[in-house]
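Colleague: If you want the building blocks of each chain, they are given just below.
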Amino acid sequence: MSAQSRPAIAMNAERALDIALPVCVFLGALGVWEAIVALKDIPPYILPAPSRIASTLIADWDTLSGSLWVTLRITFAALFAAVVGGVALAILFAQWKWVERSFFPFAVILQVTPIVAIAPLLLVYLDGGTAVLVCAFVVAFFPILSNTALGLASADHNLLDLFELYRASRWQQLIYLRLPSALPYFLGGLRIGGGLALIGAIVAEIAAGSAGQGAGLAFRIVESGYRLNIPRMFAALVLISVAGILIFLFFTLLSRVLLGRWHDSARSREG
Amino acid sequence: MTNAIAPPIVRLRGVGKTFANGTIALEGLDLDVRSGEFLSLLGPSGCGKSTVLRMIAGLASPSAGSIDWSDAQSRSDLGYVFQDSTLMPWTSVFNNVWLPLRLSGLSKADAATRIEEALSLVGLSGFAKSYPRELSGGMKMRVSIARALVLRPRLLLMDEPFAALDEITRFKLNNDLLRLKAELGTTVIFVTHSVYESVYLSSRIAVFASRPGRIIDTIDIDAPYPRNEDFRHSALYAERSRAASTALMSAIAAEDHL
Chain C
1 MSAQSRPAIA
11 MNAERALDIA
21 LPVCVFLGAL
31 GVWEAIVALK
41 DIPPYILPAP
51 SRIASTLIAD
61 WDTLSGSLWV
71 TLRITFAALF
81 AAVVGGVALA
91 ILFAQWKWVE
101 RSFFPFAVIL
111 QVTPIVAIAP
121 LLLVYLDGGT
131 AVLVCAFVVA
141 FFPILSNTAL
151 GLASADHNLL
161 DLFELYRASR
171 WQQLIYLRLP
181 SALPYFLGGL
191 RIGGGLALIG
201 AIVAEIAAGS
211 AGQGAGLAFR
221 IVESGYRLNI
231 PRMFAALVLI
241 SVAGILIFLF
251 FTLLSRVLLG
261 RWHDSARSRE
271 G
Chain Z
1 MTNAIAPPIV
11 RLRGVGKTFA
21 NGTIALEGLD
31 LDVRSGEFLS
41 LLGPSGCGKS
51 TVLRMIAGLA
61 SPSAGSIDWS
71 DAQSRSDLGY
81 VFQDSTLMPW
91 TSVFNNVWLP
101 LRLSGLSKAD
111 AATRIEEALS
121 LVGLSGFAKS
131 YPRELSGGMK
141 MRVSIARALV
151 LRPRLLLMDE
161 PFAALDEITR
171 FKLNNDLLRL
181 KAELGTTVIF
191 VTHSVYESVY
201 LSSRIAVFAS
211 RPGRIIDTID
221 IDAPYPRNED
231 FRHSALYAER
241 SRAASTALMS
251 AIAAEDHL
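Residue numbers (our numbering), protein chains in the order written: chain C, 1 to 271; chain Z, 1 to 258.
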């Protein structure tokens, strides 16, 4: 019992250190920041102290939380559309090679063109909200498409032979073999796409915000900048970071739950 | 044990295989697979013995010659075991064995009895709910064999199934395979590069040479089944092992001269 629990304790200690070390660095940096602002008497419209940012976050919570909600709604709507579109197109690619050959180059073009450059153009043709949604969709779409397509094509060759031997139909092969094989790849794409959808939404909001549209977090940053409300700018930035971290953690956890029992990526090595 | 009178299940005549890059994998191959026999294809790697298996399974087509079946039904009455266990890692042992039945449209409930029977045949009754990751190499191979046997095929094709296992596990699985073959009366074609394994298991060995792949010798092992570890110490075993080794050596020597 004790022989077993000793390495377990050591492992927990290691894990605790993984959390404790970055937290110490973070708190230390905040302390230094706070001290510098206090000692040099820097006014908040130049550099607000962390305590000031925190109090702004609480004081302006009604406005900021409303904006956070707008940004998150756009992020998840775009991500949902990217998942549906990306997975559907990847399945079409896997089932019919000519679809892949016809459409993949355009997916690449969409991916390599910077979203900041596309956003103003989209705002000409679409209303602000829709344009922001489309921008976020465009950046999240490609990693999901390309990862899922790669996963669908990576099914074990011997298993493919076995399916052929038992005269499986194309759709049986897709459902029982290719889709499960693609799941780890898809989840990897989802983790990247989730972060990118948020970035896409922010970038598009900034572009749209300058045209007088939207009320998301990015709009709050632009607006606070005009009003020299620097503490609120920082507060909005903090919320964006926290949202990004939570999205990443959520999809990491989802991967672990879905792959826990079989995939190497979700398991610790033995011994 | 071998039945010389019955017509062969499958007959290969003048079979050749040339790959797209021009490599001649096989040339002028004649082979009869008799009902009920345990036939080993023994040879150095790259001699095309796996290609023969794939062609019999219909996974590759010959570029010359013909493959004739005794009846149309036998052609799809097959089980196939690969060198690695080739299990679906994302699902349980039970669902892995279910696969051949599932692909032919059998629901889980209708298949359950046959799956449990197949698992008990290979001694894995308690492991239906386990995932492949949780099993040892030898156990995974047993699941793979259970999957191949769940449809009770007339012909079982095995492509170096035990090559990646340690010798102790391999001996155990050799004996299990002989027991299963006796119980089910399955005809087996077994690809291997181990002389001793092929002599222990087979009623007949076809020895291959490479470049191009061809059969250079056929050795009958007329020891009766059931065989057990005593057979490994018999004079016949020693004599046939020597004959198979000699044939294999001359196959390798022929290759060196090229």
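Hints are computed from structural coordinates only; laboratory data are not their basis.
Some clues are possibly wrong.
Simulated pairs of lysine to any residue, SDA-like, Cα-Cα distance not exceeding 25 angstroms [said to hold, decoys possible]: (1) Z:Lys-108 - C:Ile-175; (2) Z:Lys-108 - C:Lys-97; (3) Z:Lys-129 - C:Leu-258; (4) Z:Lys-129 - C:Leu-159; (5) Z:Lys-172 - Z:Arg-211; (6) Z:Lys-129 - C:Leu-160; (7) Z:Lys-108 - C:Ala-35; (8) Z:Lys-129 - C:Leu-259; (9) Z:Lys-129 - C:Ser-146; (10) Z:Lys-108 - C:Ser-146; (11) Z:Lys-108 - C:Ser-169; (12) Z:Lys-172 - Z:Lys-108; (13) Z:Lys-129 - C:Leu-254; (14) Z:Lys-129 - Z:Gly-185; (15) Z:Lys-108 - C:Leu-159; (16) Z:Lys-108 - C:Gly-260; (17) C:Lys-97 - Z:Ala-20; (18) C:Lys-97 - C:Ala-16; (19) Z:Lys-129 - C:Tyr-176; (20) Z:Lys-129 - C:Ala-155; (21) Z:Lys-129 - C:Lys-97; (22) Z:Lys-108 - C:Leu-258; (23) C:Lys-97 - C:Ser-146; (24) Z:Lys-108 - C:Asp-156.
Sample of chain Z residues at the chain C side, in silico, Cβ under 7 angstroms [as the list claims (entries may be wrong)]: (25) Phe-19; (26) Ala-60; (27) Ser-74; (28) Trp-90; (29) Phe-94; (30) Pro-100; (31) Leu-103; (32) Leu-106; (33) Phe-127; (34) Gly-185.
Each residue gets a CB set at the ideal place from its N, CA and C atoms; glycine is no exception.
Colleague: Closer than 7 angstroms between Cβ atoms is the bar; does Z:Ala-60 clear it against chain C? Give me holds or violated.
Modeller: Hint on Z:Ala-60: violated, closest Cβ of chain C at ~10 angstroms, above 7 angstroms.
Colleague: Regarding the pair Z:Lys-108 and C:Leu-159, is the alpha-carbon distance no greater than 25 angstroms?
Modeller: holds (20 angstroms)
Colleague: Given a cut of 7 angstroms on the nearest C-beta pair, is the interface hint for Z:Phe-19 held or broken against chain C?
Modeller: violated (16 angstroms)
Colleague: Given the hinted pair Z:Lys-108 and C:Ile-175, is their alpha-carbon gap at most 25 angstroms?
Modeller: holds (16 angstroms)
Colleague: With a cut-off of 25 angstroms on the C-alpha distance, tell me whether Z:Lys-129 and C:Leu-259 pass.
Modeller: Roughly 16 angstroms separates the two Cα atoms, so the pair holds.
Colleague: Next pair to validate is Z:Lys-129 with C:Leu-254; report whether the Cα-Cα distance is within 25 angstroms.
Modeller: Status holds; Cα separation ~23 angstroms.
Colleague: For the pair supplied as a hint, Z:Lys-108 and C:Asp-156, confirm whether the alpha-carbon distance does not exceed 25 angstroms.
Modeller: holds (24 angstroms)
Colleague: With a cut-off of 7 angstroms on the beta carbons, see whether Z:Pro-100 makes it to chain C.
Modeller: holds (5 angstroms)
Colleague: Regarding the pair C:Lys-97 and C:Ala-16, is the alpha-carbon distance no greater than 25 angstroms?
Modeller: Distance of about 49 angstroms is beyond 25 angstroms: violated.
Colleague: Could you grab the alpha-carbon distance between Z:Lys-108 and C:Ser-169 and see if it respects the 25 angstroms cut-off?
Modeller: Holds, at roughly 19 angstroms.
Colleague: Just to be careful, I want the Cα atoms of Z:Lys-129 and C:Leu-258 compared with a cutoff of 25 angstroms; is the pair within it?
Modeller: Judged against 25 angstroms, a Cα distance of about 17 angstroms means the pair holds.
Colleague: Does C:Leu-160 sit within 25 angstroms of Z:Lys-129, going by the straight-line distance between their CA atoms?
Modeller: Since the Cα atoms of Z:Lys-129 and C:Leu-160 sit roughly 24 angstroms apart, the hinted pair holds (cutoff 25 angstroms).
Taken one by one, the earlier hints fail for this structure at numbers 2, 5, 7, 9, 10, 12, 14, 18, 21, 25, 26, 27, 29, 32, 33, 34, listed in ascending order.
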